[in-house]
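> Protein chains in written order, with the working numbering: chain A, 1 to 202; chain B, 1 to 202.
Calculated directly from the structure, the hints in this document are not laboratory data. We treat Cβ as the ideally placed atom computed from N, Cα and C, and that holds for glycine. Do not rely on the hints blindly, as some may be mistaken.
What the hints assert, rightly or not - Calculated pairs, DSS-like style, for lysine-lysine (alpha carbon to alpha carbon, straight line, at most 27 Å): (1) B:K154 / A:K154; (2) A:K16 / A:K150; (3) B:K174 / B:K11; (4) B:K154 / B:K174; (5) A:K46 / A:K174; (6) B:K154 / A:K67.
As the list claims (entries may be wrong) - So the derived label-pair ranges between C-beta atoms look like this: (7) A:P139 / B:G68: 40 to 46 Å; (8) B:Q194 / A:T123: 31 to 37 Å; (9) B:P52 / A:E160: 28 to 34 Å; (10) A:G40 / B:H41: 43 to 49 Å; (11) A:E32 / B:Q51: 52 to 58 Å.
So the chains spell out like this:
Number of protein chains: 2
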Amino acid sequence: MDHVNIDALAKAVLGKLFIELEASGRHVHVTEAQAQTLFGHGLTPKRPLSQPGQYLANERLTVIGPKGEFHNVAVLGPERKEAQVEISLTDGRELGITPPVRPSGDVSHSPGVRLVGPKGVVTLPQGVIAAQRHIHMTPADAAHMGVTDKQIVKLQVFTERPVIFEDVLVRVSKDFATFAHLDYDEANACGFRQGDLGRILQ
Amino acid sequence: MDHVNIDALAKAVLGKLFIELEASGRHVHVTEAQAQTLFGHGLTPKRPLSQPGQYLANERLTVIGPKGEFHNVAVLGPERKEAQVEISLTDGRELGITPPVRPSGDVSHSPGVRLVGPKGVVTLPQGVIAAQRHIHMTPADAAHMGVTDKQIVKLQVFTERPVIFEDVLVRVSKDFATFAHLDYDEANACGFRQGDLGRILQ
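Looking at chain A on its own, in the form it has when it is part of the complex (with noise of 0.2 Å):
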């Protein structure tokens, strides 16, 4: 018999059953133009995510909302087409503003909000959001789980406030890997453990 690896057994099996979760907290997307004016130059970067491509930045930003700000907010790479600030509904109170529910991408008539950099400053009139709850998958365990790319399904995670949540959106791409994103509400509303699962539910 062949050797067997007993962790990255475990870890495939319970890639078939569940899916691992993460909790996203307040961040910003800039554009290549936006980078230039706030930093002096592109973003560069700290580490890189679970999403394949998609790293932490460097660089970081003072958000100003009407009521409050937020300094050292982590800005993630690589620049986009169109700035995106993703915050929770907490946020928002404390910023003065209130964020629509919205997939990522989608800030069409969302609120604006300042950013400050070491080099410049940036108004963007629209581009506030919280971000929908989603799980990122590859078109493999899309297949296996039965689901497909912009489905909504329930999401049970097995964590120490244990939560179904609804509404959730399904998105697959050969560039993702599987991982389920709550913002720090949804997060602490279930009492999120790094490592924790969930499962879909139809």
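Place chain B on chain A using the hints.
Chain B only, in chain A's frame:
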């Protein structure tokens, strides 16, 4: 035929099917002796809460943790036998403490905090919890919905970001009005708005 009050009828019917949700912000319960120390007098009612006999006090406190503090925190009356500080997990991160998720009144071995009022300071050795989500019910509503005191149920909420909360504690008393209580992490995770309803799933 007698005159029918349509609004009252609709409300009575809804009350047989659904449970109204309420979001509880961070707040403090103090003892009579602590009220004397902090304010120089007992608590005074500002407005009644949904639970009979309970009120929001005119008095406000500062709550100080190892990493942060909250000013102007609500105090709920009447005074209790033991102090209790109810915060969300998000609040805990800001204060620098991790509150256990507990039913109200179960504060043993929970973290402490410092309370500062206009007339004095009280250092609590314990008492900070994140309230386990719960449903206050009258005996009649509990009987109608087929649940009993201390039962754990699922609560499906019909909100902007719909969720089924698991591990929800039912509390039944003739002194209660029927309302489901969420903290602000949970309220924001489900997009709660005042007047939103839920129902018990078993």
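> Taking only the CA atoms, is the gap from K16 of chain A to K150 of chain A under or equal to 27 Å?
20 Å, holds
> Falls inside 40 to 46 Å, the C-beta gap from P139 of chain A to G68 of chain B?
For G68 of chain B against P139 of chain A, whose Cβ atoms are near 45 Å apart, the range 40 to 46 Å holds.
> When you take the CB atoms of G40 of chain A and H41 of chain B, is the distance between them in 43 to 49 Å?
59 Å, violated
> CB of Q194 of chain B to CB of T123 of chain A, is that within 31 to 37 Å?
33 Å, holds
> Please verify whether K154 of chain B and K174 of chain B have alpha carbons no more than 27 Å apart.
22 Å, holds
> For the pair P52 of chain B and E160 of chain A, does the Cβ-Cβ distance stay inside 28 to 34 Å?
Given about 32 Å between the Cβ atoms, the range holds.
> For the pair supplied as a hint, K154 of chain B and K67 of chain A, is the alpha-carbon distance within the 27 Å limit?
37 Å, violated
> Determine whether the Cβ-Cβ distance between E32 of chain A and Q51 of chain B falls within the hinted range of 52 to 58 Å.
Check passed, 55 Å falls within 52 to 58 Å.
> Holds or violated: are the alpha carbons of K174 of chain B and K11 of chain B at most 27 Å from each other?
With a Cα-Cα distance of about 20 Å, the restraint between K174 of chain B and K11 of chain B holds, given a limit of 27 Å.
> Given the hint that K154 of chain B pairs with K154 of chain A, test it: the Cα-Cα distance must not exceed 27 Å.
Between K154 of chain B and K154 of chain A the Cα gap is close to 15 Å, so the pair holds against 27 Å.
> Holds or violated: are the alpha carbons of K46 of chain A and K174 of chain A at most 27 Å from each other?
Satisfied, since the Cα-Cα distance of roughly 24 Å is no more than 27 Å.
Hints 6, 10 from the earlier list are contradicted by this structure; the remaining hints agree with it.
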